[in-house]
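Engineer: Sequence:
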Amino acid sequence: MSDSQTVSAAVAKLYNTYPFPPEALLDEPPPGYNWRWNWLAAHNFCTGQKPQRQDIRILDAGCGTGVGTEYLVHLNPQASVVGIDLSTGALAVAKERCQRSGATRVEFHHLSLFDVEQLLGEFDLINCVGVLHHTSDPIRGIQALAKKLAPGGLMHIFVYGELGRWEIQLMQKAIALLQGDKKGDYRDGVQVGRQIFASLPENNRIVKYDKQRWSLENHKDENFADMYVHPQEIDYNIETLFELIDASGLEFIGFSNPSFWDLERLLGKAPELVERAKDLSDRQVYRLIELLDPEVTHYEFFLGRLPLIKSDWSDDNALLAAIPELNPCLEGFPSQCFFNYDYQIVNLSVPEFEFMQKCDNHSTVADILAGVQLGLDGVRTLLQQQLILLTPV
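With the UniProt record's numbering, letter number 272 in the sequence shown gets 272, and the count goes up by one each step, no holes.
Quick caveat, the hints were computed from the structure, so don't treat them as lab data. Do not take every clue at face value.
Cut-off 16 Å, straight-line C-alpha distance, at most; resulting in silico cross-link-like pairs (EDC-like, lysine to aspartate or glutamate) [claimed, not checked]:
#1 K147 with E162
#2 K173 with E233
#3 K147 with E117
#4 K147 with D115
#5 K13 with E233
#6 K208 with E264
#7 K358 with E325
#8 K173 with D185
#9 K211 with E295
#10 K310 with E264
#11 K220 with D210
#12 K13 with E295
#13 K173 with E251
#14 K147 with E251
#15 K13 with E28
#16 K13 with D185
#17 K183 with E167
#18 K147 with E167
#19 K208 with E325
#20 K13 with E264
#21 K220 with E264
#22 K13 with E23
#23 K95 with E23
#24 K95 with D185
#25 K278 with E295
#26 K95 with E162
#27 K147 with D221
#28 K220 with E23
#29 K13 with D221
#30 K211 with E167
#31 K183 with E233
Here are the in silico distance ranges between beta carbons for each label pair [to be verified]:
#32 E275 with E96: 19 to 27 Å
#33 V350 with R205: 44 to 52 Å
#34 Q336 with R205: 40 to 48 Å
#35 N257 with I309: 54 to 62 Å
#36 K182 with E107: 33 to 41 Å
#37 R194 with E275: 16 to 24 Å
#38 E300 with R205: 24 to 32 Å
#39 Q118 with P334: 45 to 53 Å
#40 H110 with A24: 33 to 41 Å
Don't be surprised by glycine CBs; every beta carbon is placed ideally from N, CA and C.
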């Protein structure tokens, strides 16, 4: 076998042994939401406006046991969804998961990212979470996916970061050393890893890091195996990450956790340093942030294929003519205090609350403002917070 086939076979063996993620199967739709998997919310985040179509095609590339796939189906009621994965064991769980929860608009294929061209047609949204860094050639993988992205389409990617996973890397190497010839026996690897953690002093850095960050999920062997005995892993920093992104040929739209990448979060007490940073490129600022806050365990971001129409709503007339509606990923509304798309608490003023209550998917911004004491800047604030979506007219 080629190196690529050898890696793929080893990865498939891991997930056949420990299907991942190990979330419980439910006989109802999954709880809550992940806005990155909701086409309306994700498109609004990336472009500033509601998408023109909702009857889209979605690809879950490396779907595993179907946890994300299930959400993609339920959060996008007009979409058709395709899931692909290397592991037949994980796919069997994914099929059962979606069947039990009523996620019927989905089909699954036993397929590698590298062979995604075998699928017919293009996709408007491609979700690839926790997958590329486990391939033998992530650049080849992202390029294969990029070829299947339709014009105006979005790709959501999640890959590991090297700085925040340093202790994990050390444990991975330690387990591999102790396994010796048994490396690749994943049950033995989990047993060895458990013994190491049980034996190390409580003040050991690796033990403390695991307890602080991962112990709640790693009590499941599936999670432990995925983290500590995986046969293939490539971790990134900002510089190598953008080498991957540039190789895709797609537009980098932005990180889907933008608050982390705000330099003032770290240097707000030194405005002169923030001012100096204005001479840096965006990528240099990202690098500065991860150097100053090396807890980065992963990068999650959106890419897009041109033409991608974006709106900044700086034109007052365009904003007044637009039709607003509520972001579909909110919890606790109607109330002045509720959870936003990212499960952060929002407290609205009375005029903001009244405006959102009148968003009926038909009235324009001008219509609503005629009966609400809120200015256009207030509407822009709601939009900036991703609380409303706007349809251009």
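Engineer: Each hint: holds or not?
Structural biologist: Do the hints match the structure? See the list:
1. Proximity of K147 to E162 is assessed by CA-CA distance (about 28 Å); at most 16 Å being required, the pair is judged violated.
2. The straight-line distance between the Cα atoms of K173 and E233 is roughly 12 Å, inside the 16 Å bound, and the hint therefore holds.
3. Using a Cα cut-off of 16 Å, the hinted pair K147 and E117 holds, with the two alpha carbons roughly 8 Å apart.
4. At most 16 Å may separate the alpha-carbon atoms for a hinted pair to count; K147 and D115 meet this at roughly 11 Å.
5. Between the alpha carbons of K13 and E233 the distance comes to roughly 15 Å, so the proposed pair stays at or under 16 Å and holds.
6. As the CA atoms of K208 and E264 are separated by approximately 29 Å, the hinted pair breaks the 16 Å bound.
7. The hinted pair formed by K358 and E325 meets the criterion: a straight-line CA distance of about 9 Å does not exceed 16 Å.
8. For the hint linking K173 to D185, the alpha-carbon distance of about 15 Å falls within 16 Å, and the restraint holds.
9. Between K211 and E295, the direct Cα distance comes to roughly 15 Å. Compliance with the 16 Å bound is thereby established for this hinted pair.
10. Between K310 and E264, the direct Cα distance comes to roughly 26 Å. Violation of the 16 Å bound is thereby established for this hinted pair.
11. Of the supplied pair hints, the one linking K220 and D210 holds, its CA atoms being roughly 14 Å apart against a limit of 16 Å.
12. Between K13 and E295, the direct Cα distance comes to roughly 30 Å. Violation of the 16 Å bound is thereby established for this hinted pair.
13. Between K173 and E251, the direct Cα distance comes to roughly 36 Å. Violation of the 16 Å bound is thereby established for this hinted pair.
14. This hinted pair checks out: K147 and E251 have alpha carbons roughly 13 Å apart, not beyond 16 Å.
15. A distance of roughly 30 Å separates the Cα atoms of K13 and E28; the hinted pair therefore is violated under the 16 Å criterion.
16. Distance restraint check for K13 and D185: the Cα-Cα separation of roughly 9 Å lies within the 16 Å cut-off, and the hinted pair is therefore satisfied.
17. Proximity of K183 to E167 is assessed by CA-CA distance (about 20 Å); at most 16 Å being required, the pair is judged violated.
18. Under the criterion of a C-alpha separation no larger than 16 Å, the hint pairing K147 with E167 is inconsistent with the structure, at around 36 Å.
19. A threshold of 16 Å between alpha carbons decides the hint, and for K208 with E325 the separation of about 46 Å lies outside it, so the pair is violated.
20. The suggested pairing of K13 with E264 is violated, with an alpha-carbon distance near 45 Å, which exceeds 16 Å.
21. Simply put, K220 and E264 have alpha-carbon atoms about 38 Å apart, too far for the 16 Å limit, and the pair is violated.
22. With a C-alpha separation of about 19 Å, the suggested pair K13 and E23 falls outside the 16 Å cut-off, and the hint is violated.
23. Proposed proximity of K95 and E23 is supported: the alpha carbons are some 14 Å apart, at most 16 Å.
24. With a C-alpha separation of about 26 Å, the suggested pair K95 and D185 falls outside the 16 Å cut-off, and the hint is violated.
25. Note on K278 and E295: the hinted pairing is violated, with a Cα-Cα distance of about 23 Å set against a maximum of 16 Å.
26. A hinted pair counts as satisfied when its Cα atoms are at most 16 Å apart, and K95 with E162 does not qualify at roughly 33 Å.
27. Under the criterion of a C-alpha separation no larger than 16 Å, the hint pairing K147 with D221 is inconsistent with the structure, at around 36 Å.
28. Restraint check for K220 and E23: satisfied, since their Cα atoms lie roughly 10 Å apart, inside the 16 Å limit.
29. The straight-line distance between the Cα atoms of K13 and D221 is roughly 15 Å, inside the 16 Å bound, and the hint therefore holds.
30. With a C-alpha separation of about 12 Å, the suggested pair K211 and E167 falls inside the 16 Å cut-off, and the hint holds.
31. Between K183 and E233, the direct Cα distance comes to roughly 15 Å. Compliance with the 16 Å bound is thereby established for this hinted pair.
32. In this structure the supplied range 19 to 27 Å is violated for E275 paired with E96, their Cβ-Cβ distance being about 56 Å.
33. For the pair V350 and R205, the beta carbons lie near 51 Å from each other, so the given range of 44 to 52 Å is met.
34. A C-beta distance of roughly 45 Å is found between Q336 and R205, which places it inside the suggested range of 40 to 48 Å.
35. For N257 and I309, the Cβ-Cβ distance of about 24 Å falls outside the hinted range of 54 to 62 Å, so the restraint is violated.
36. For the pair K182 and E107, the supplied restraint of 33 to 41 Å holds, since their beta-carbon distance comes to about 38 Å.
37. The beta-carbon spacing between R194 and E275, approximately 50 Å, falls outside the hinted interval of 16 to 24 Å.
38. In this structure the supplied range 24 to 32 Å holds for E300 paired with R205, their Cβ-Cβ distance being about 26 Å.
39. Range check, Q118 to P334: about 47 Å between beta-carbon atoms, so the 45 to 53 Å window is met.
40. Taken as a hint, the range 33 to 41 Å is violated for the pair H110 and A24, whose Cβ atoms sit roughly 24 Å apart.
Violated hints for the displayed structure, listed by number in ascending order: 1, 6, 10, 12, 13, 15, 17, 18, 19, 20, 21, 22, 24, 25, 26, 27, 32, 35, 37, 40.
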